[in-house]
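Please build the complex by placing chain B on the supplied structure of chain A, with the hints as guidance.
Going down the list, the protein sequences come from chains A and B.
The first sequence begins at 91 in our numbering and counts up one residue at a time.
The second sequence begins at 23 in our numbering and counts up one residue at a time.
The set of hints was computed from the structure by calculation and includes no laboratory data.
A portion of the hints provided could be inaccurate.
Which chain B residues face chain A? A few, computed with CB under 10 Å, are given here [as the list claims (entries may be wrong)]: (1) Val-41; (2) Arg-228; (3) Arg-231; (4) Lys-233; (5) Gly-234; (6) Asn-248; (7) Met-250; (8) Asn-322.
The beta-carbon is built from N, C-alpha and C at its ideal position, and this holds for glycine as well.
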Amino acid sequence: MSRVLDIEGLTVGFETGGRRFDAVREVDLALDGGEVLALVGESGSGKSVTALAVMGLLPEVAEITAGTIRFEDRDLARLGEAEMAAVRGARIGLIFQEPMTSLNPTMRVGPQVAEVLRLHKRAGAAAARRAVEELFALVRIPDPAARYDDFPHQMSGGMRQRVVIALALACRPALLIADEPTTALDVTTQAQILELFRDLQREIGQATILITHDLAVVAETAHRVAVMYAGRIVEESASEALFAGALHPYTRGLLRSIPVVRTGPAAGHPRRLVEIPGTVPPPWDLPQGCAFAPRCPRASARCRAERPPLMPFDGGRRAACWHPHVEREDAA
Amino acid sequence: MIRFLGQRLVTIPFVALGVVTILFFIFKAVPGDPAALAAGATATQAEIEATRVRLGLDQPLVVQYVNHVLGVFVGDFGYSTTFRGNPLPHILARVPATLELAGAAIALTILVGIPAGIAAASAHNRWPDVAISLTVIGLLAVPNFWIGMLLIAFLSVQWGLLPSFGNAGPLALVIPSLALAARLIALVARMTRGIVIEELRKDYVRTARAKGMRRGAILVRHVLRNVMIPTVTIIGLQTGYLLGGSVVIERLSAWPGIGDLLLTGVSNRDFALVQGITLVFVVGFLLINLIVEVLYRFINPRLRYA
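Extracted from the complex, chain A is given alone in its bound form (with noise of 0.2 Å):
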């Protein structure tokens, strides 16, 4: 399948309150059209700022400082606003976490959708009211005309969340961004949500970028998965690998931190939750060598002085640690 976003080598710098500091290095991501790529990790990971740098929305004290982000044979990277203004909405869609503030309250939710085609489309008013309605429907939004005159506060938060869906989808871009799209709903609606999202991916089949920090949502709906940790990818792979047997330690810790229910004739013991011990450090004050090793149980004087680089394994698997979950070998 064709390529459809190559990021190599990003890298993020924020400067703020007199602090100078990296929150995505050296970050190399590809995705192929059609495909759902998870971008996993704890809050201050980098993950969401390596999305605002795709859609250039870094807030004004961060810069992209090295790295390309190649899409559709340019360098986002190296827009300027206007050309960049014009991929937005256009070519990528976003969604946010917060289905509740991310619509404007003072306006219908209609205009607010059908201002996207208006803009990218170039829609006449009413070609994008019937744009709009067929869009709402597409989300499954009952009765799509009544709604398209409703105020966000007249709808409740998956149909909210179904609106930013149809405003980020209306002009079939070719790359769609979820940020968390349903952290914020309860848990029947994120069900739904998540199944309206693998519906529609089989419907218009964009390229895929989901950032959770919930890894069930990872298994139901990403084919592959990309985790980071304080700013770097530490591990990447085909999504049923990883639920398999993760490499990096870190991953490891991350879905033994995750309630599974089993059920059937395998059903046994519910088993244990362990949380990862310590928090992620700040990105101003990294150890030297791996960033995990002071959370990390498989922790020796090597990773402690030397940082692992991201090194490829067997089945297309990357792991960035010096003792993975796997015999290798060259591993010591």
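Frame of chain A, contents of chain B only:
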């Protein structure tokens, strides 16, 4: 909406009754003999006593109060020594001039204050923001009559561009409305700046940027609506200040409004006139607040169905 309007309109006579009552007893406590004032400086003791009986001032306090309240509600505001009779027609004759001045000041506030605040916010911490913010602090620190005097000194006396007094023609409106609005413009500019900066950080602005909208379009199409909600409230609340300010400014530029008339009433110790004007101010303030509440519902869709 109709029910809401009805409810608010019904409360106005009750507030007015309270104001009439308070004013009545305040003026009873003011030193000086109203009968002597009404009879004139050269009146004999017998003439003063005759005036007292004629005005009903010899009656017990409760009877005077009831007569006064009943009078006010049928439009009889008592005996004005300035006009030698009911001051109401004279007050009402001057209302349009004050409305004209206050309306011009509010229009200036909206047309200058809001854009200035938006300009400052979108240039946050750069030189236009600093320039606007310093001007705002200057305007807030200076009393309005001094601004009026400066405007007269330069615009009319020094450069002869505008008339300095009276209300002949639209040019005469410029100096008094500027002087009256200066403080309000500054206040609204400062508030608007803060609100816009806050709104620009909100998620819906990020959504609009993710749609590919440019900053200017986001300001006009998305932020402005949300800014109008608190701004209308501020302007509404400040109209009380505007009415008070008109007293000084109208005297300064000889504007024939009720503020100017109030000062006349005070210097003549004309109790009926001062009471009447105060009541007109209060009712005016209540009506303006009602208009603001209606506007507020119109701008803020979250209140419309409440």
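Do the hints match the structure? See the list:
1. Val-41: Result: violated, 36 Å to nearest chain A Cβ.
2. Arg-228: holds (7 Å)
3. Arg-231: Holds, about 6 Å.
4. Lys-233: holds (4 Å)
5. Gly-234: holds (4 Å)
6. Asn-248: Because about 5 Å separates Asn-248(B) from the closest Cβ in chain A, which is inside the 10 Å limit, the hint holds.
7. Met-250: holds (8 Å)
8. Asn-322: holds (7 Å)
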